[in-house]
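As you go down the protein sequences, you meet chains P and C in turn.
Per this note's numbering, the very first residue in the first sequence carries number 2; after that it's consecutive.
Per this note's numbering, the very first residue in the second sequence carries number 245; after that it's consecutive.
Calculated directly from the structure, the hints in this document are not laboratory data.
Remember, predicted model here, so these are calculated numbers, not experimental data.
Note that the Cβ used here is the ideal one computed from N, Cα and C, for glycine as well.
Mixed in with the good hints, there may be bad ones.
Cβ pair distances, simulated, as ranges [to be verified]: (1) P:THR189 with C:SER444: 58 to 64 Å; (2) C:GLU354 with P:VAL148: 52 to 58 Å; (3) C:ILE260 with P:PRO282: 33 to 39 Å; (4) P:GLY272 with C:PRO412: 30 to 36 Å; (5) P:LEU87 with C:GLU465: 46 to 52 Å; (6) C:GLY283 with P:LEU87: 28 to 34 Å; (7) C:PRO412 with P:THR189: 40 to 46 Å; (8) P:ARG88 with C:MET245: 57 to 63 Å; (9) P:ARG81 with C:GLU354: 32 to 38 Å; (10) P:LEU93 with C:GLU354: 40 to 46 Å; (11) C:LYS313 with P:MET166: 22 to 28 Å; (12) P:MET166 with C:ILE413: 57 to 63 Å.
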Amino acid sequence: MTFLQFLITGLSLGSVYAIIALGYTMVYGIAKMLNFAHGDIIMVGAYLAYFAMGKYNLPALVAVMISVLVCTLLGVVVERLAYKPLRKVSSLSVLITAIGVSYLLQNGAQLLWSSAPKMFTSIIPPNTIRLFDGQLTITHLSIFTIVVTLAIMIALTLFVNNSKMGKAMRACSEDKDTARLMGINVDTTISVTFAIGSGLAAIAAVLYASAYQSISPTLGSMPGIKAFTAAVFGGIGSMPGAFLGGLLLGVIETLVKGYLTTQLSDAFVFGILIIILLVKPNGLLGHKYSEKV
Amino acid sequence: MAMLEVRNINVYYGSIHAIKGISFDVDEGEIISLIGANGAGKTTILNTVSGLLPSKSGEINFMGQNLLKIPAHKMVTLGLAHVPEGRHVFTRMSVRENLEMGGFSVPREELNGLMEEVFRHFPRLKERENQIAGTLSGGEQQMLAMGRALMSKPRLLMLDEPSMGLSPILVDEIFSIIRQLHQQGTTILLVEQNARMALSIADRGYVLETGKIVLSAAADELLHNDMVRKAYLGG
Numbered sequence: 002m003t004f005l006q007f008l009i010t011g012l013s014l015g016s017v018y019a020i021i022a023l024g025y026t027m028v029y030g031i032a033k034m035l036n037f038a039h040g041d042i043i044m045v046g047a048y049l050a051y052f053a054m055g056k057y058n059l060p061a062l063v064a065v066m067i068s069v070l071v072c073t074l075l076g077v078v079v080e081r082l083a084y085k086p087l088r089k090v091s092s093l094s095v096l097i098t099a100i101g102v103s104y105l106l107q108n109g110a111q112l113l114w115s116s117a118p119k120m121f122t123s124i125i126p127p128n129t130i131r132l133f134d135g136q137l138t139i140t141h142l143s144i145f146t147i148v149v150t151l152a153i154m155i156a157l158t159l160f161v162n163n164s165k166m167g168k169a170m171r172a173c174s175e176d177k178d179t180a181r182l183m184g185i186n187v188d189t190t191i192s193v194t195f196a197i198g199s200g201l202a203a204i205a206a207v208l209y210a211s212a213y214q215s216i217s218p219t220l221g222s223m224p225g226i227k228a229f230t231a232a233v234f235g236g237i238g239s240m241p242g243a244f245l246g247g248l249l250l251g252v253i254e255t256l257v258k259g260y261l262t263t264q265l266s267d268a269f270v271f272g273i274l275i276i277i278l279l280v281k282p283n284g285l286l287g288h289k290y291s292e293k294v
Numbered sequence: 245m246a247m248l249e250v251r252n253i254n255v256y257y258g259s260i261h262a263i264k265g266i267s268f269d270v271d272e273g274e275i276i277s278l279i280g281a282n283g284a285g286k287t288t289i290l291n292t293v294s295g296l297l298p299s300k301s302g303e304i305n306f307m308g309q310n311l312l313k314i315p316a317h318k319m320v321t322l323g324l325a326h327v328p329e330g331r332h333v334f335t336r337m338s339v340r341e342n343l344e345m346g347g348f349s350v351p352r353e354e355l356n357g358l359m360e361e362v363f364r365h366f367p368r369l370k371e372r373e374n375q376i377a378g379t380l381s382g383g384e385q386q387m388l389a390m391g392r393a394l395m396s397k398p399r400l401l402m403l404d405e406p407s408m409g410l411s412p413i414l415v416d417e418i419f420s421i422i423r424q425l426h427q428q429g430t431t432i433l434l435v436e437q438n439a440r441m442a443l444s445i446a447d448r449g450y451v452l453e454t455g456k457i458v459l460s461a462a463a464d465e466l467l468h469n470d471m472v473r474k475a476y477l478g479g
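From just these sequences and the hints, can you work out the full model?
Next up, the structure:
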């Protein structure tokens, strides 16, 4: 029964990783860059929801919508100002810029909102479902998180597979110059990808902050790194991979914490990542098709 | 006025001067072949015409518009399509999706009709409509790359090494389709290492050597030119 308990807790945590990892992997897939500021967009999203609900007493749904909207804009602006001018230079410069943006957002948040943690009230009331005579308790938030993540994954899959913009994104992720020859505006497509990824980050932010009920300017770095790991784990650039990687990471982390050790749980998680990458260098669901010459 | 007028373009890769003041014309209804050895600059020229590479000088006029001022993704709407060297099909997308990408700028309701026309030229693609392009053979990928370009209803079709890596039977098949397309009114700019094949279907040809045009003449003449025979036709 405890195993089932850990499994559900892990799936809920993993769902948040999965949403963040989707953003990572989509941006990587199309812009071929690791957007290390992605985690800090989460932090901004959490603060926005905090202020909208705590200070202006807006309903949770409105707060989430504001958070999503502002993060979407923030993601697009960051891409235009910081990454787009670097599109033709070495990817190392872009990586360093992304780290710079990450610190800029963190320090900006410290300046604006102080580094002291703030209490975040969960958007879902802290009720639980008890099963098997109370041996298994599931919070409403866990269920909500898992359901939201599933819905996002389904919606995103439909969008990427069937819509014109989704197909353009796939074309750009494979071959930008050829996408241009087809008449696809690559800059617009990249902007849309950043918009979607950052909007998702805001949703992840609210779910994550609801679970931990405390937010601080460095809140985004750990889930950011974990989600990045999840994306690599699943095969960077692959959306089902990011989803699977996120869920697995959450479950593994929770099981290690539950059965083995709390202090070393992250070491175990990253250790497993290393082993998986040794066996499958492209991740679990990495791409395999190639062009024939 | 020619359909495509290239005037004195100069293209650099960093400090390497790859295209050195090249000018040439393509008239409406012609098949023009650019021939030359590996590294002569053939692909660079096509990439510059379609806006993937910048030219430091000169002009490229296509039906009265200066292409050097137009971003690459607007070229298809002008009637210019480019089948890149090495096919560059979207390997993780289906055959159908690849064709949809080719028709990215045409209205949705025209897509099916255009696709049927592509399938008439390449029945093999119809059989493999839902197959992932990465699993096609090299010849099928070449057909897909050409079919994809046709989806934009081009006035000028630029083909970069369509015979590369294909068996002689497939090369014949691809070239007979190029002839068909030409007969239906598509103007063709062909870049080929297979000079004999390229000149046999062309009206005129240009010979490139290290970024310069060294010879231009009617295709028949080039086929009988001593220098061309020695350098490109195996004596």
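Going down the list of hints, with the structure as the test:
The hinted range of 58 to 64 Å is not satisfied by P:THR189 and C:SER444, whose Cβ atoms lie roughly 43 Å apart. One distance hint, 52 to 58 Å for the beta-carbon pair C:GLU354 and P:VAL148, is violated here, with the actual separation near 40 Å. Checked against the hint of 33 to 39 Å, the pair C:ILE260 and P:PRO282 passes, with Cβ atoms roughly 34 Å apart. Checked against the given bound of 30 to 36 Å, the beta carbons of P:GLY272 and C:PRO412, roughly 55 Å apart, lie outside it.
At roughly 50 Å, the beta carbons of P:LEU87 and C:GLU465 sit within the given window of 46 to 52 Å. A hinted range of 28 to 34 Å for the beta carbons of C:GLY283 and P:LEU87 is consistent with their spacing of about 30 Å. In this structure the hint that C:PRO412 and P:THR189 lie 40 to 46 Å apart at CB holds, the actual value being about 43 Å. Between P:ARG88 and C:MET245 the beta carbon distance is about 36 Å. The supplied range of 57 to 63 Å is therefore violated.
Remark: the range hint 32 to 38 Å for P:ARG81 to C:GLU354 is upheld by a beta-carbon distance near 33 Å. Checking the proposed 40 to 46 Å range against P:LEU93 and C:GLU354 shows it holds: the Cβ atoms sit about 44 Å from each other. Here the CB-CB span from C:LYS313 to P:MET166 is close to 27 Å, well matched to the stated 22 to 28 Å. One distance hint, 57 to 63 Å for the beta-carbon pair P:MET166 and C:ILE413, is violated here, with the actual separation near 40 Å.
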